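Single-letter residue listing:
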Amino acid sequence: MSSARDKLEGFIYFLPLFAAVLFLFLYPLLYSTYVSFTNMNLMNFFRHTYRFVGAFNYVLALRQHYISTLLINEVIWTLGSLIPMMALGFALALILNQRDLRGKSFFYAILILPWAFPGFISLLVWQGMWVYPYGFMNRYVLPFLHMPTINALQSVGDAWAELIITNLWLSFPYYMTVFYSGLQSIPAELYEIADVDGAGALTKFLRITVPSLRKTIAFVFITSFVFTWNNFYPIYVLTSGGPGISTETFIVYAYQQAFSYSNYGVAAALSIISTVITIVLAVVVMKFTGVLEGIT
Amino acid sequence: MKSSRRSISTVALATIIIVVVVVAAVGGYMAYVSTRHHVTTTTTSTLTTTTTTTTSVPVTTTITTTTTTTTTPQVVTLTVADSYSSSENTAFNASLAAFEQEYPWIHVEVEYGAGVGTSPYTSEAQAHDAPIIIRDSSDSAGALFAAGILVNLSQYLPPSYFSRFNPTAIQDWTLNGSVYGLPDNINYIVMFYNKKFITAPPNTTDQMIQMAEQVNKSGVWGIAYGASDEWGYRFAAWFAGFGGQIFTTQNGMIVPALNSSAMVNALNFWYNLTYDLKVNYLASSTGAGGVEGQLFMENKAAIIFDGPWDLMPYFNALGCNLGAAPLPVVSSTGLYATPFIGSMGWSITTEQANGVPASQWNATLHAALLFIEFMTNYSNEYGLFKYAGDIPALNSAYSAAMQNLSAPTSNTTLACLHQVIKGILEQSQHGQKFPNIPQMSYYWNSFHQYASEFFAGEINAEQAAQGMEQAFISALQSAGYLSPVPITPSEVLTVPELPASRY
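In order, the protein sequences belong to chains G and U. The C-terminal position of the first sequence is numbered 296 in the working numbering, with every residue numbered one higher than the one before it. The C-terminal position of the second sequence is numbered 799 in the working numbering, with every residue numbered one higher than the one before it.
It is possible that part of the hints are untrue.
Here are the in silico distance ranges between beta carbons for each label pair [stated by the list, open to error]: (1) G/22 <-> U/412: 34 to 42 Å; (2) U/405 <-> G/112: 54 to 62 Å; (3) U/513 <-> G/28: 55 to 63 Å; (4) U/699 <-> G/47: 42 to 50 Å; (5) G/24 <-> U/725: 50 to 58 Å; (6) U/544 <-> G/79: 55 to 63 Å.
Worth flagging that the hints you see were computed from the coordinates, not collected in a lab. All figures in this text were calculated on a predicted structure; none of them were measured in a lab. Virtual Cβ for every residue (Gly too), placed ideally from N, Cα, C.
Bound-form chain U, shown alone (with noise of 0.2 Å):
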């Protein structure tokens, strides 16, 4: 019996020590690989030799492409992060399955359904396992490449290659006179409105008042404009038609100007027409899922403020009803509202941040740069005009696309569908450069606490501004911005060679 007991004991204890020694080798191989770090090496590979030749013709509508192959190369697995829209995908998946068919010997896995931001890639990046490549907004893969997150595609694209693309988007993807992201659309918001309730579009904030006074009478919404659920990307353009800008310049060190009376008359000029008017619509979420968009598609509001990225939804909704212009101008200034051009785009993580090991980073490096570029080429940029109304950034895609706006149609419905995005497009001439350096990211927040606490009646206007502006300060300054020390852009250890025969 004791020796029965004992041999229990034994094999539970034999058990245990099993468990402890597979548990502190699991938990000591996931520290190991959480802390790694990669060691860098130089090497040169001239591992391909495929030469493409493309040949772009804006005016029409086809493209040639060559592709000559001497060698077969590695298969090489690309991981993308895909930030698209539903619509955006049906032109992405044709646009990758030309790619697999035109490069067999790489191999794409997809990620829909990626989100936009810094922080889904920043605690992959540490863990050595950030995808490959990433579509990404300008604003925040400006701050990830600040990181040294991201490639510089200066090094291994030239400046020629850039000049195909809108100047501001090419802007808005250069840190310190770097590119590390290649643009595939730009985008802003424009005026969208109800031709049931508005026959033309308001060119002042004034006529914007009255029309929308107009509206009201009826029980409609005049606008439905949620500017307590703001972070500050719409009413950029507000602050912006009212004189103001969100950074200045002192002693060579950018800082915070939100405290101004720039904001003080923006803020106030929204809280009049919300509560003293009761013309605006204090929405609680924006787009088209959100109130706002429901309230749009609805014929509940007759102004909305939002991008071409919902325009389907809105067209499918209220069809020929539906218009677009510019943002007004501002009655008391003059000034336009000139709402950011942003732009999404296509980047590569580093060999750092996405633990592709040394032996096998040219290849993929090359793969990489192949497949951004074909995502950025003209038929696929095209392809995301075509399909989801996206703003082209590559010129010829967007010279081709007015083409094709204004070429006569006896489609009633593609006429109207036209002559909106016509609207959409005359926004660009009034735009402001979206901020893409890393000191923006402290700006939404900074604002939202500020805004909605004005908008809920907690604080007046000069309080807002001058809040938001302390709040943005302190978090410069905790984050180490508000310091003489200068951004350093990310640093490439490494140049693999590259064909340079593809330019």
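So that you can see chain G by itself, here it is in the shape it has in the complex (with noise of 0.2 Å):
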């Protein structure tokens, strides 16, 4: 009976919780799926004479060439960006990090300044310094790192170029804090430890801060890859997916078929496609490499 009266107990100290997942989380999704299965559209949305047509956007969705350049854009931005943003906030953490650096909070109040302006206004200010040829960047930074100037109507691999170095700019301080909150949890007796049998710095970074930070890692890993799969002002901002839908991802493409063409259906169709591969790789990037074995 007392088993019982706990286990209700219990229930109850969930329900809280619950409501609020099923009104902000499970609601949105449940909404979507069941849009996406019909042709809701502008024309019949107000009237709500749009009916059920089972599987039909999934297909119409599928069949259409576009979905594999959606798929490798997709690729090519999430890895595109994640990979440099997470070694350049690791390598300015491991800076940071060092005993005897001095001025340490000014550099990393320095560093953490792009996140101090809101991300919709740093992409518009990104845009204007990327304009072709009078831009800052193409007028002043490039050509004095003696590099190649970027127009991104003119070619796709500088469309790339200019989306992911923003995005970089972006969102390195990030992962420079967290990885730097990391850092600082390792305990310095490890390494004065390894001193004293006399390892070298690369060995301590791979043999006691890799491993230390091993949780932070994946956790950074998994929930950055999710977030940057479905990041949407970048691309829609600065190249609106072009030049054609070069640089076109899901979600960017979702957005326009709902608030350009108004095809919801459709739209919510990509969006139920873009999050269940989003799920598949997540589970299989758990599954195979075990990152969450330290966190769960």
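Got two chains here, separate frames each, mind docking them using the hints?
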């Protein structure tokens, strides 16, 4: 009797979370799924005359030639952004973590500045900086670095470079901060013992730093992978998915289907396809790399 | 101790239950609000007996308005989505003050900086929370009207009322014989040029190229036209100049007609000017605030294609060096490049879209009609012309504007501005109707996707023309537009009785 009461009590404690999840997460997800099986568009949306069309929107989306392009673009965008972002964040965190570094707080404050600006405003500023050949990047920075100028209107490669560099600038403070806090949690004694044993910098990095940060890396990788996969604004503001659909991702394409074409059914189907792909990839990553073992 | 734990547990339990009940209640209410349907009831009301007589004299700038109110109606609140630019808002705010003074029983809540298009209003309409009055473009509003979100004004205003406006503007606001908005301007793109580099505007594309090549030698761009950033609004003029049209009719069905030699030639024309002759700067953004406008205002580009809505920034930057003229004749076809003659204007959302209770709808609709009539009357359209350079859609205001432009003035700056506006008005002789059928909303992305790919050198012009047509067709198919189902106009279920004496 007592056990049943405990279970009931436990369930009641769980209810607030369940209610929040139901309204904030499950309802939109289920509604999107429902919409993806209808022919909802601007003409029938308001009149409520849309009807169930089965998997038509999915078939339509999967049969279009653009689906493979979107998938390839997603991979370029996600991995192309994630790898340099994590690498740069990690490198900066390592530098900041040096015990004898002077003005650490000052540098840290400077480096997290990109976070201080609203992302959308930063993107608009970057849009101006990339104008060919008059923008700040093409006029000063790239020539100064002896690098070729970038014109996203005339080259797909340039469009990707523009997107990834901008995203790198917008995102690295997050990675730096997370890795920096992870590094600070590693006991200094471990490094002191390694010093006594005569370990070099590389050995200490590979044998102490990386294993100690395994949980952090796992967390950052999975959450950032999903976030970047669905990151909408950089692409929408900077290239609008162009030239053509060369830099278009699922989420941008779905947005255009919904708000340019008002094809809500197709847009919902594209979103669901994107979500399923993300879930599958996340499960595969978790299963075969065991990156979550340290967390769970 | 055990008792204390139990009492804490009981308090916690009670708190949690209250939270759950509150969350569930709020969530349930939100779900109810988002899905509730208005029950439409037919009501008749004679709340107001306002008589307004308006006399407009086209030649002079005077307007006589006589209002006689015999009963004091209940206060009505109108929510208005205002998409005017800052210079236009100067005129609008003055008009609004005059309106509120004339109709003290109407309270107006204005949402400034509202977007133009369908998307801002569809979800609001679904939630029965759309503004009562919106200012939108005729093509976007056409889609909203077809979707049942806007009121059919033909049911409330007589045809003679619409004849006060420019016929093209009224056509822009007509779908299946029903008028769904009152135009406050007509708009289109023209050729702005800098007299410092080009003394007389080119009449043909051959002349334009010659002049641009000449200008280019001095290190200034001959033309700044971001063809790859195009969504098809400005390019439609060149497409028409090469003999093309966006739609054609096959077996009574409207189908896209982008895959044509006209499209191929128009694309190749601009590609040639950009990459071969190198006289066109492929700008990444348009308008006075974009790269095209910035170059033009800084004397770094001689010709741009833009609308009168950006006139004042250009005039402020270039002064008497600014010139405006119609787009040239395409030399290879002998046809004018004809831009869309579009129109902005005011529409009223249906009670189902704005959520006004049925009991208040008569009074609200009456107030809304008064508002949109007021905002498109002589003094207000003339005010928009005066403050922002908008081209009036109301015939009397247009005539007054023309007369004003022709009047001699000793003010050199004003004379220069009048010359520019005359050039802008000339373009109206060479325009095409802006399609306002719902299918038009599927044109922009289809065009943009393949045009941008073409100008990036990824595909050739033939592939671009085929691709944009196919994308257009696919989009229309997935939206059900290429089935033989006719597009139904908005159904207004309730036709309230309104005072007819106003007309």
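Against the structure, the hints come out as follows:
1. Taken as a hint, the range 34 to 42 Å holds for the pair residue 22 of chain G and residue 412 of chain U, whose Cβ atoms sit roughly 37 Å apart.
2. Judged by the Cβ atoms, the range 54 to 62 Å given for residue 405 of chain U and residue 112 of chain G is violated: they are separated by roughly 41 Å.
3. For the hinted restraint 55 to 63 Å between residue 513 of chain U and residue 28 of chain G, the CB-CB distance of approximately 59 Å keeps it satisfied.
4. Checked against the given bound of 42 to 50 Å, the beta carbons of residue 699 of chain U and residue 47 of chain G, roughly 47 Å apart, stay inside it.
5. Here the CB-CB span from residue 24 of chain G to residue 725 of chain U is close to 57 Å, well matched to the stated 50 to 58 Å.
6. Taking the beta carbon of each, residue 544 of chain U and residue 79 of chain G are about 45 Å apart, not inside 55 to 63 Å as hinted.
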